[in-house]
Amino acid sequence: MKEFLKMTAATVVGFLIVTVISSFLSMVIFAAFIASASTSKPVKVQEGSLMKINLSGAVVERSESDEMEALMRAMGEDVSSVSLDDLRSAIDKAASADEIIGIYIECGALSASPASVQEIRGMLKEFREESGKPVYAYADNFTQGAYWAVADADAIWLNPHGLLSLSGITMQTMFFEKALSNLGIEMQVFKVGTFKSAVEPYTRNSMSDANREQMQLIADNIWAQMVSDAGNRPMQRTADGSGIATPARQALADGFVHGLLYRQDVEERLDSLTGRDVKFIGYRKFNRAVENVVTAANTVAVLYATGAIDGGQQGDMDSEKIVKELNRLADNDKVKAVVLRVNSPGGSAFGSEQMWYAAKRLREKKPLVVSMGDYAASGGYYMSCMADTIVAQPTTLTGSIGIFGMFPCAERLLDKIGVSFDGVKTAEHADFGLISRPVTESERAIMQKHINDGYELFVSRCAEGRGMTADEIKAIAEGRVWTGADALRLGLVDELGGLDRAIEIAGEMASLANYRVAEYPKKKDFMTQFMETLNSDIEARILSRRLGTSAVWYDALRRAQSMQGVQALMPYMIIAD
Numbered sequence: 283m284k285e286f287l288k289m290t291a292a293t294v295v296g297f298l299i300v301t302v303i304s305s306f307l308s309m310v311i312f313a314a315f316i317a318s319a320s321t322s323k324p325v326k327v328q329e330g331s332l333m334k335i336n337l338s339g340a341v342v343e344r345s346e347s348d349e350m351e352a353l354m355r356a357m358g359e360d361v362s363s364v365s366l367d368d369l370r371s372a373i374d375k376a377a378s379a380d381e382i383i384g385i386y387i388e389c390g391a392l393s394a395s396p397a398s399v400q401e402i403r404g405m406l407k408e409f410r411e412e413s414g415k416p417v418y419a420y421a422d423n424f425t426q427g428a429y430w431a432v433a434d435a436d437a438i439w440l441n442p443h444g445l446l447s448l449s450g451i452t453m454q455t456m457f458f459e460k461a462l463s464n465l466g467i468e469m470q471v472f473k474v475g476t477f478k479s480a481v482e483p484y485t486r487n488s489m490s491d492a493n494r495e496q497m498q499l500i501a502d503n504i505w506a507q508m509v510s511d512a513g514n515r516p517m518q519r520t521a522d523g524s525g526i527a528t529p530a531r532q533a534l535a536d537g538f539v540h541g542l543l544y545r546q547d548v549e550e551r552l553d554s555l556t557g558r559d560v561k562f563i564g565y566r567k568f569n570r571a572v573e574n575v576v577t578a579a580n581t582v583a584v585l586y587a588t589g590a591i592d593g594g595q596q597g598d599m600d601s602e603k604i605v606k607e608l609n610r611l612a613d614n615d616k617v618k619a620v621v622l623r624v625n626s627p628g629g630s631a632f633g634s635e636q637m638w639y640a641a642k643r644l645r646e647k648k649p650l651v652v653s654m655g656d657y658a659a660s661g662g663y664y665m666s667c668m669a670d671t672i673v674a675q676p677t678t679l680t681g682s683i684g685i686f687g688m689f690p691c692a693e694r695l696l697d698k699i700g701v702s703f704d705g706v707k708t709a710e711h712a713d714f715g716l717i718s719r720p721v722t723e724s725e726r727a728i729m730q731k732h733i734n735d736g737y738e739l740f741v742s743r744c745a746e747g748r749g750m751t752a753d754e755i756k757a758i759a760e761g762r763v764w765t766g767a768d769a770l771r772l773g774l775v776d777e778l779g780g781l782d783r784a785i786e787i788a789g790e791m792a793s794l795a796n797y798r799v800a801e802y803p804k805k806k807d808f809m810t811q812f813m814e815t816l817n818s819d820i821e822a823r824i825l826s827r828r829l830g831t832s833a834v835w836y837d838a839l840r841r842a843q844s845m846q847g848v849q850a851l852m853p854y855m856i857i858a859d
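Per the numbering used here, the sequence shown starts with residue 283, numbered consecutively.
These aren't lab readings, by the way, just hints derived from the structure by calculation. Each hint can be trusted.
Taking lysine-lysine and the DSBU-like style, the derived pairs with C-alpha atoms no more than 35 Å apart in a straight line are: (1) K415 - K804; (2) K616 - K567; (3) K642 - K616; (4) K804 - K616; (5) K460 - K756; (6) K642 - K804; (7) K707 - K460; (8) K375 - K616; (9) K805 - K642; (10) K375 - K407; (11) K642 - K731.
Derived Cβ-Cβ restraints for the label pairs, each shown as a range: (12) E646 - N336: 43 to 49 Å; (13) Q546 - P690: 53 to 59 Å; (14) G749 - P690: 39 to 45 Å.
Keep in mind that this is a model prediction, so the values were computed, not measured. All residues carry an ideal CB built from backbone N, CA and C; glycine is no exception.
Please put together the full structure from these sequences, using the hints given.
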């Protein structure tokens with residue numbers, strides 16, 4: 283019997299080893315196949331081409347490798363997205379390319395924050411003004427964000443049976459307090475800031491008056507910006523957003539669109555408008571086909587810092603890596619100025635302080651400009667405040683100068699299910715933070731002092747960076763979130779604009795007539811991305827894509843689960859869909 287068990291165990295172990303090795307080799311071979319299959323031949327841009335942009339899916343700061351996208355497609359995943367870095371580069375090249383006669387945009391379900399929409403609007407506006415070439419747009423149905431992005435196009439067409447959605451802005455928060463209470467879990471909160479509402483989902487079942495006030499102001503400001511961006515269009519006559527969706531014929535009658543066309547008739551209309559048989563080339567393919575010829579020796583570096591700070595999840599920001607990049611750029615003699623592109627709702631207060639210090643050291647050696655994306659709030663603002671110049675979109679969410687900490691207590695839950703703890707300790711607070719008991723009054727006082735001290739440090743950093751007094755910062759702090767337009771008025775940012783404007787300012791500050799732009803961190807090659815994907819939470823990535831716009835709730839739960847230490851985090855995010 284003993285020998286039989288040994289043989290059985292050996293067989294099982296051997297089978298498992300062979301299975302694991304075979305699976306790994308299969309994945310590597312499959313990845314190599316994808317890499318080989320996705321390697322494209324040189325592309326020739328034909329005369330009379332329109333650069334085509336599929337404006338649908340999520341908007342991301344930087345693209346993944348073509349091979350990685352091919353792999354995800356092979357896995358059956360929808361990888362439609364708009365990469366701002368690729369789009370910016372392609373539009374810039376298209377403006378001067380003789381073969382490109384204009385841009386054609388096909389709009390779908392766009393999931394983007396308002397600031398990203400404004401970034402795209404800015405690119406298209408600059409293209410039209412500098413090149414004199416037209417921009418055309420079509421949609422089966424126009425979502426609010428997609429229409430906002432293309433509202434200035436030379437011609438906008440809608441399917442005869444399509445809809446135009448201009449229903450207004452809504453901001454909602456999901457609350458868990460009742461669910462946690464039913465489970466027997468209490469969140470013990472320590473914070474500074476009347477408006478610091480990141481803790482509210484865990485301690486309340488509805489918004490506080492202060493949070494409602496700031497959220498309503500943000501929503502009103504974003505909607506007003508959307509209406510303002512429409513210029514003299516009829517959108518200004520429907521600024522109350524009283525409708526849900528406008529039928530195509532009404533949208534045409536009201537002047538929102540220039541014509542009604544079926545998708546298959548668009549090409550014929552474009553032939554008629556341009557006086558030639560137009561060809562199309564996708565913006566990513568065009569971007570790969572046309573090389574950037576830059577002979578300048580000097581460099582303006584763009585460092586991307588995106589995601590929740592030290593959240594520990596896929597796509598989050600690693601403060602240690604950002605600090606290393608800032609230090610390298612500070613010591614690189616070829617880099618004459620740095621643009622720090624921040625797109626973060628915040629996160630670890632400790633990580634934010636480390637990046638603040640690295641940014642300060644860099645600023646002492648060369649110009650530092652911050653370009654704010656969708657969010658640069660709380661910890662995102664902390665790391666930004668030392669820049670020489672801060673540039674934000676009017677709808678960027680920033681500020682949120684405040685911090686908090688939370689500890690769950692599951693004492694009632696454990697009692698319900700019959701679980702108890704007992705043990706020994708060498709000091710009064712040795713078991714502080716365990717979920718089996720609530721914090722004591724003395725521990726609460728210690729923790730609150732720690733939070734208060736952290737807030738004072740945060741305020742002092744902002745005051746130093748912005749050339750203001752601590753009292754001036756506190757008057758606009760308290761955890762309150764501001765739009766970029768309000769932040770400009772309050773002195774938290776210096777100028778409104780996108781990444782291109784920030785790069786231009788950096789070049790001017792460094793007195794550079796000619797320079798090349800280099801992006802950091804350097805993009806990883808396919809195999810590196812593939813191996814990281816194997817080790818990362820691939821299930822979360824797939825779920826996020828399948829959940830679509832609802833993925834923000836899933837991400838919020840994952841982020842809350844991974845929080846550690848004191849947080850400088852903004853309470854929400856906005857999607858213009």
